[in-house]
Amino acid sequence: MGTAQPFFEWSYVSGQWSQISADLLQHIALSLLALAIGLLVSIPLALLAWHYRIVRVPVFGFASTLYIIPSLALFAILGPITGYVASYPTAEIALVGYTLLILIYNTVAGLNAVPADVKEAAGAMGYSPSSSLVRVELPLALPYVFAGLRVAAATVIGLVTVTALIGLGGLGQQITYGFNIGFYTPIIVGLVLSVLLAAVCDLLIVAVQRFAVPWSRSGRKARAI
Amino acid sequence: MASVAGWFTTAANWRGSSGIPELLWRQTELSVAVVLGALFIGGGIGLVLGHKGRGGLVAVNAANAARAVPSLALLTLFAILPAISLKWGGFLAAFLALVILAIPPILTNTYVGMREVDADVRDAAKAMGLTGGQMLLHVELPLAIPFIMAGVRTASIEVVATSTLAAYVSYSDLGTPIISGLNTNDTVEAFCGAILVAVLAAIVALGLGVVQRALTPAPLRRRAPTGPGNSRRFGAIAAP
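Chains A and B, in that order, give the protein sequences.
Start counting the first sequence at 18; every next residue gets the next number (the numbering used here).
Start counting the second sequence at 56; every next residue gets the next number (the numbering used here).
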C-alpha cells in the first residue's frame, strides 16, 4: 500500500461486490432477527411490568443491566454460556439484550400516556382489565412502541458491526478487513452502507407506522391544540 | 470458575503497563477527556441553539443521523490515517472517534432541556431586565441541567462501552484482555476482562445517576428525564 493511497477506490466496490453484498445480507439478517426477537420478548414483558407493579423493578433492572454492559464484554461473557463465542446465538442474545430496555421503556411510556377516560370507557363497555390492556391500551401505545423501535433499529444496525470481532459482523467484516490491511476503501464501504441501511430501515418503520397506526399523526396534532 | 479466580489472583495481571490498574487508568483518562470534549462542543451548540430557538431541529436530526455511524468504522479509519494514527500513542485516534460518538446525546438533550424551559419563565426574566446572556446563564442553563446531565450520563455509558473497542485498534485499556482473549481463544482472559468492563460501566451508570439526581433541584425531580438516551423525547423529536 503506497503512501498516497486514494481515499476511495471504486474499483474495489465493483471487484468485491459479491463479498460486499454477502456481508450486507448478513448484516440485514442479524439486525432483523434481533429486532424481531426483541419485539416478541419486550412487549409481553412491558405489559407484565405495566400490569403487575411487583414485576416492574426486576424487569427494568434486568433490561438496564443488559443495556449497560458493553457489547464486547457481553460477547465475552456469553461465550462460555452459549459454548462458542463466534456464533449466531452469542451475537443475537447480546443484540436482543440491547433492544429490550429501549422497547420496554417506550412501551411502558406509551401505556402510561393512555388517557384515563379511555380506560374508564373500555371498562364501562365490559372489557376486563387485561383485555382492555391488550385490545385498547396497547394499540393506543403503538406510536411510542414505534418510536422505540426506530431507536432500537438504529442501535442494533450500528452494533452488528462489533460482532466482526467475534467472527460475524456483516458489514463490520469490511471494516476489520480494511483495518487489517490498512486500506481505507472497505472501511468507508462498511460505514456508508451501514448508515444507509439504518436510514432505509428508519423510513420503512415510519411507513409501516403510517399504515398500522393511521391515527397517530392527526392524534398528535389534536393534542398539540 | 476456578480459572477465573486464578486469573484475578495472578500477580502479573495487576502489575506493569498491561496490569489491571494501569489499563483501568488509561480507560478512565480517555473516557473523561472524551466526555468533557463532547460536553464542550455538543453542550455549547445545544445551549446556543436552544437559547435562540432556531436551527435546533436541523442540529438534532444531524446528531441523530450521526448516531447511526458505526463507531468501529471511525475507530479503525482514524487508526490508519497517517496524520492521526500515531499521535500520542493511539490516544488521538480513539479520542476523535469517541467524541463524535458522544456529541449527539449531549447536544440533543441540551437542546431539548433548553426548549423545555417554560415560556413564562423566559418572559419573567426578560421583564426583570436580564440580557440574553444573563438569561442563558442564570435562568435557562440551571433549569436545563437535569436534561444535560441525562445526556452526559447516556454519552458516558456509550463512551465507556466503546472505548473497549479502542483496544482493538490503537489504544490499550480494559478492552485489551477481552480482545487478546478472543484472538487467542483464551475464554478465561476474555471473560475476566469483560467482568471488569461490566463493573466499570455499572459504576459509571449508577454514579452519574446519583450525580444527575443531586444536581436536579428538588421540585424538578419528579419530572426529570430518565431512560435510555431519553428515548421517548428523542423519538418524539425525530418524528415530528
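Please keep in mind that the hints were generated in silico from the structure rather than gathered at the bench.
Ideal placement from N, C-alpha and C gives every residue a C-beta, glycine not left out.
Worth double-checking, as some hints may not be accurate.
Stated by the list, open to error - Simulated restraints on C-beta separations:
{"#": "1", "chain 1": "B", "residue 1": "A67", "chain 2": "A", "residue 2": "Y105", "range": "46 to 52 Å"}
{"#": "2", "chain 1": "A", "residue 1": "A229", "chain 2": "B", "residue 2": "L270", "range": "36 to 42 Å"}
{"#": "3", "chain 1": "B", "residue 1": "I258", "chain 2": "A", "residue 2": "V74", "range": "16 to 22 Å"}
{"#": "4", "chain 1": "A", "residue 1": "P146", "chain 2": "B", "residue 2": "V243", "range": "46 to 52 Å"}
Cross-check of the supplied hints:
1. B:A67 x A:Y105: 46 to 52 Å: violated (35 Å)
2. A:A229 x B:L270: 36 to 42 Å: holds (40 Å)
3. B:I258 x A:V74: 16 to 22 Å: holds (20 Å)
4. A:P146 x B:V243: 46 to 52 Å: holds (50 Å)
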